[in-house]
Amino acid sequence: MTTTTERAFGASVARKEDARFITGQGRFTDNLTQPGMVHMAVVRSPLAHARIKGIDTSAATEMPGVVGVFTGQEMADAGFGGIPCAWVVPDSDTVTPPHPPIAIDTVRYVGDAVAMVVADTDANARDAAYAVDVDYDVLPVVVDVRKAMDPDAPQLHEEAPNNQCFHWVVDGGDVEAAFASADVVVKETITNQRLIPNAMEARVALARWDDAMGELTLWVTSQNPHIVRFLLSLDTPVPEHKIRVIAPDVGGGFGSKLAHYPEDTMVIFASQQVGRPVKWAETRSENYLATTHGRDHIAEVEMAATKEGKILGLRAKTWASMGAYLSTASTGIATILHGLILSGSYDIGAIHEDVYGTFTNTTPTDAYRGAGRPEAIFMVERMVDLVARELDMDPVEVRRRNLIEPFDDGHEVATGLVYDSGNYVGALDKALDMFGYEDARKAQAKAREEGRLVGIGVVTYTEICGLGPSEVAGAVGFGGGLWDSAIVRFHPTGKVTLLVGVSPHGQGEETTFAQIISDQLGVSVEDVDVVYGDTAKTPMGWGTYGSRTTAVGSGAIMGAVSQIKDKGVKIAAHMLEAAEEDIEFSDGVFSVKGSRADGKTIQDIALAANTAWDLPEGVDPGLEASSFFNPGNFVYPFGTHIAQMEVDPETGEIDFQRYVAVDDCGPVINPMIVEGQVQGGVAQGAAQALWEGAVYDDDGNLVTGSMMSYAIPKAEFLPNFELGKTETPTNVNPLGVKGVGETGTIASTPTVYNAVMDALAPLGVQQVDMPLTPERVWTAIQEAQKGGQ
Amino acid sequence: MQTAPFDYYRPETLADAIDLLSTVDGARPLAGGHSLLPAMKLRVANPPALVDLSRIEGLDGISRNGDSLSIGALTKHAAVAASELVQGDCSILADTAAHIGDPAVRNRGTIGGSIAHADPAADYPTVLTALGATITVTGKSGDRSIPADDYFVDMFTPAHADGELVTSVEVPVIGDEQGGDYKKHRHPASSYAVVGVAAVVSASDGTCTAARIAIGGITGTPERAEAAEAALVGQVVSAESIAEASSKVAAALDNPLGDVYASGEYRVHLATVLTRRALADAFIDAGV
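Line by line, the protein sequences are chains A and B.
The numbering used here applies: residue 1 is where the first sequence begins, and numbers increase by one.
The numbering used here applies: residue 1 is where the second sequence begins, and numbers increase by one.
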């Protein structure tokens with residue numbers, strides 16, 4: 001219970017949403033049922049590239065319980081179009097090939113839908129799906145992001161010669177001059193391997209077509225139901241005002257539930273065809289094939305520096321796999337969310353990157369926690385370490401010589417971004433202190449004398465999130481706005497419903513948003529219900545991704561809060577027979593200055609406003625405010641992470657010994673929730689460095705097709721993370737808050753990687769592909785020792 | 001369903017189970033289900049019928065029987081790990097059980113199921129081979145005992161016949177001047193042994209008097225490293241003699257398995273290192 005003496009803002013309030021989750025009472029899409037509901041199963045291609053010669057549905061149609069079997073052509077004939085790509089980056093010659101929800105003549109990845117079966121039960125639908133007989137002509141396959149552009153590579157789309165989806169360039173400063181004047185240039189080929197997002201809940205979609213009303217309801221595991229509705233109005237025959245999209249409790253997304261997927265329109269089509277509600281629930285094996293993957297970049301990177309360690313320039317050529325088709329936000333991730341942040345936390349005078357997006361016979365890629373920024377920060381932070389190694393300097397010292405000085409009102413970098421606020425040295429110093437950096441380096445030197453391979457990795461990152469200014473969204477080709485919305489609604493008893501356009505799915509805003517209302521308006525956290533995820537209830541908004549929910553959503557909440565306060569002052573002045581300018585508001589009480597005991601509580605005001613028996617002239621009944629917030633800039637959280645790892649020289653196994661993270665996301669609303677975000681983010685990012693990696697064979701089969709072969713970290717793999725924070729507010733939103741959902745992931749991959757490479761430094765090893773499996777590390781050690789002999 | 005359709009039987013007695021397995025075409029026994037059911041959900045295994053053994057009484061439990069422990073086939077891994085009898089008389093086996101899979105696997109999976117599945121990446125087959133355990137199988141014509149050395153014929157291929165069930169395993173206790181240790185390199189996803197090495201040794205006055213070394217995860221079955229064993233016996237136990245013996249394990253590992261996580265060459269290398277480490281700890285356990 002939060003009392004008025006204890007600010008709700010900044011307190012580790014227990015999550016309001018947890019009671020239902022930990023007692024098994026969450027309401028996820030697959031928990032929902034509708035009268036007369038039937039089930040869809042998807043027939044998927046077992047081949048990565050093939051022409052469909054024929055589809056024989058006759059046996060499946062005869063199977064028990066089957067009410068319909070449908071193909072892509074039938075969907076097209078019914079007016080269902082291709083799945084749109086919602087982000088087409090300008091000045092990049094982006095090609096957007098057709099993406100039919102069900103393949104019509106060609107399949108392009110293992111898992112591509114070729115037919116659907118609708119039956120009375122999920123079991124019958126699956127059984128019948130096995131009975132659909134598809135005749136294929138096998139085509140050659142390409143899975144490698146770079147080889148896809150080879151002249152003789154198999155072609156995926158006739159619209160995209162050489163499998164090139166786009167060529168995008170970021171260019172700032174005089175790169176040629178920077179490299180020409182450098183004392184040292186370090187080069188590396190960096191692979192950010194393909195990852196599988198692995199949300200706890202796989203995808204589910206349930207459509208109910210109401211023919212009499214011409215209305216559609218879609219319950220779906222989405223991070224952004226308003227975007228799904230917008231896109232459904234483009235690729236289904238149903239107009240937007242007749243579509244209601246509901247994202248009930250959603251069990252994590254990590255970006256993989258951002259996209260609008262083919263199955264969304266498939267259940268809608270099926271519901272129209274069979275006249276009954278239709279549900280589809282993905283299996284985990286299906287999820288690995290049919291839900292978007294992340295990363296899959298290869299970059300050739302160069303960094304130029306002076307012999308004093310001053311970084312002069314960064315140049316890169318990067319290939320980014322789009323997979324077989326363009327998913328909703330795919331092209332923006334490897335470009336806008338990637339190349340623009342290549343200055344990291346440093347003043348780098350000249351930056352140039354060419355990014356080639358390519359099509360391969362693989363599952364489409366899209367956002368995955370960090371989305372473009374992890375790949376960029378990995379490149380920067382790895383190259384800074386290579387500069388340090390080349391100059392035989394401590395990597396912390398190189399960073400110190402290049403970090404942007406503290407600033408609180410904007411700092412422009414070579415890519416054109418204007419960072420909001422930062423104190424990078426402050427976070428670095430705090431992390432070094434927490435880690436005991438100097439002592440750890442001394443202990444490392446001693447360990448090395450004993451032949452032990454102990455390494456310390458340091459990363460001073462900055463990222464871009466809180467997406468974002470809508471004008472920028474338009475300018476960079478994002479097919480929507482990036483503002484957000486809130487409605488604060490006081491009921492007669494003074495309880496509050498807060499309706500928001502963002503759509504959290506595990507991040508805890510049911511609690512943190514209630515804390516904001518509590519802090520601002522003096523109602524208890526328990527008296528605030530936060531409603532999201534339903535286009536029929538909540539105002540238009542752009543959803544939850546890019547660590548925008550609090551950074552943008554709180555701006556809208558604060559706008560509504562301000563209106564409530566203003567109206568409260570008017571009503572209180574009337575009730576207290578005082579002038580408005582004599583009324584002050586604090587801790588939920590409107591009072592004449594100096595007479596707090598005689599004041600009116602916000603609950604009094606809510607009752608007066610809602611009954612409207614005696615309101616001042618010109619004041620409308622009700623106590624409700626609606627606000628839209630379009631941020632003037634992105635926000636730029638930052639911090640320093642430090643890891644210590646020890647490599648077993650005999651086996652290549654890595655002992656993950658310590659991890660210190662100091663993150664700055666501005667003022668913290670709920671420290672427990674922020675720590676949880678950092679903990680999970682660090683684990684996911686460390687997993688990219690050490691364990692995770694999606695592997696395709698040359699025929700396009702996903703070799704790591706299940707959790708038996710794709711290694712998600714277990715708690716026992718990880719040390720206890722030591723977390724700290726600094727608080728540098730942004731001026732982009734009223735509360736000064738920045739996003740924290742992705743910082744851990746962005747920082748931890750290079751931190752862990754740098755630590756392992758530091759451990760191997762005495763052997764001369766500077767590059768091993770991720771994930772750093774024991775065999776890869778052992779092989780690198782073997783080769784280094786052979787080379788050294 | 002996720003699985004192909006199948007018939008389901010749940011007999012109350014061992015005799016009924018054996019009868020069903022002999023008469024129902026293609027019937028497979030179901031114990032903990034942690035290997036069979038995932039394969040069925042992927043439709044890699046499509047048995048037309050399952051015979052659920054869970055209602056049969058008397059097939060679980062652990063007792064001491066002379067110089068052996070007798071462990072019923074339906075004994076869960078968690079029960080083996082928690083058994084004071086196993087911890088005291090054969091600690092290598094309790095330790096092994098405690099590190100199989102994850103808690104869900106240990107609370108459902110059974111020792112008999114693991115043995116009968118004969119997965120080269122499983123832990124029990126390797127450790128039971130090093131211990132010189134004996135597997136009891138029961139069929140229509142009664143019981144027969146098969147030494148672990150002979151039981152694991154090939155990958156997923158046990159020595160029992162169709163219609164026979166593993167009913168218990170007899171495990172020699174670790175006596176005075178004996179010790180054992182099991183080292184495994186766990187797959188980070190599956191927790192299976194990429195390589196598992198079990199060593200059971202005897203030593204008297206600092207000299208090795210007997211050694212059994214088994215290596216799992218590399219070939220189709222647990223492999224006895226006989227050259228390494230022979231090199232140890234009669235030797236004074238030392239870092240050098242252990243290293244010398246360990247260097248001979250590669251010879252026992254022809255045609256090593258490999259996958260995207262670990263190549264055959266790397267597995268053989270790991271076997272050499274883990275053998276040395278397992279032997280060192282086994283001799284400490286033996287009081288050397």
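Worth flagging that the hints you see were computed from the coordinates, not collected in a lab.
Since the structure is predicted, the reported quantities are computational estimates derived from the model, not experimental observations.
Glycine is no exception: its CB is placed at the ideal position from the N, C-alpha and C atoms.
Treat the hints loosely; a few may be bogus.
What the hints assert, rightly or not - If you want the ones that stay clear, here's a sample from chain B, every Cβ over 10 Å from chain A, calculated:
(1) 4
(2) 24
(3) 42
(4) 157
(5) 189
(6) 226
(7) 260
(8) 262
What the hints assert, rightly or not - Some, not all, of what chain B presents toward chain A, calculated at C-beta under 7 Å:
(9) 3
(10) 6
(11) 253
(12) 257
(13) 258
| field | Agreement of hint residue 3 of chain B with chain A interface, Cβ distance less than 7 Å | value | Status violated, d = 9 Å.
| field | Least C-beta distance between residue 24 of chain B and chain A, which was stated to exceed 10 Å | value | Given that every Cβ of chain A is farther than 10 Å from that of residue 24 of chain B, nearest at about 21 Å, it holds.
| field | Least C-beta distance from residue 157 of chain B to chain A larger than 10 Å | value | 21 Å, holds
| message | So, as I understand it, the hint says residue 6 of chain B touches chain A; can you test that by seeing if any CB pair is closer than 7 Å? | response | With a closest approach of 12 Å, the residue 6 of chain B hint is violated.
| said: According to the definition I'm using, a residue is off the interface if its beta carbon is farther than 10 Å from all beta carbons of the partner; does residue 42 of chain B meet that for chain A? | reply: 7 Å, violated
| message | Quick check on the hint: residue 258 of chain B CB to chain A CB, less than 7 Å? | response | Status violated, d = 10 Å.
| request: Quick one: work out the minimum CB distance from residue 189 of chain B to chain A and report holds if it exceeds 10 Å, violated otherwise. | output: Incorrect as stated: the minimum Cβ-Cβ distance to chain A is 4 Å, not above 10 Å.
| message | Would the non-interface assignment of residue 260 of chain B survive a Cβ cutoff of 10 Å against chain A? | response | The claim is violated: residue 260 of chain B sits with its nearest Cβ about 5 Å from chain A, within 10 Å.
| task | Could you check that no beta carbon of chain A comes within 10 Å of the beta carbon of residue 262 of chain B? | result | Check fails; 5 Å does not lie beyond 10 Å.
| task | Grab the minimum C-beta distance from residue 253 of chain B to chain A and call the hint holds if it beats 7 Å, violated otherwise. | result | Since the shortest Cβ distance to chain A is 16 Å, the answer is violated.
| request: Take a quick look at residue 4 of chain B and tell me if its Cβ sits farther than 10 Å from every Cβ on chain A, holds or violated. | output: 8 Å, violated
| Cβ separation check - residue 226 of chain B to all of chain A, threshold 10 Å | Residue 226 of chain B is indeed farther than 10 Å from all Cβ atoms of chain A, at 24 Å.
The structure fails to meet hints 1, 3, 5, 7, 8, 9, 10, 11, 12, 13 from the earlier list, while all remaining hints are met.
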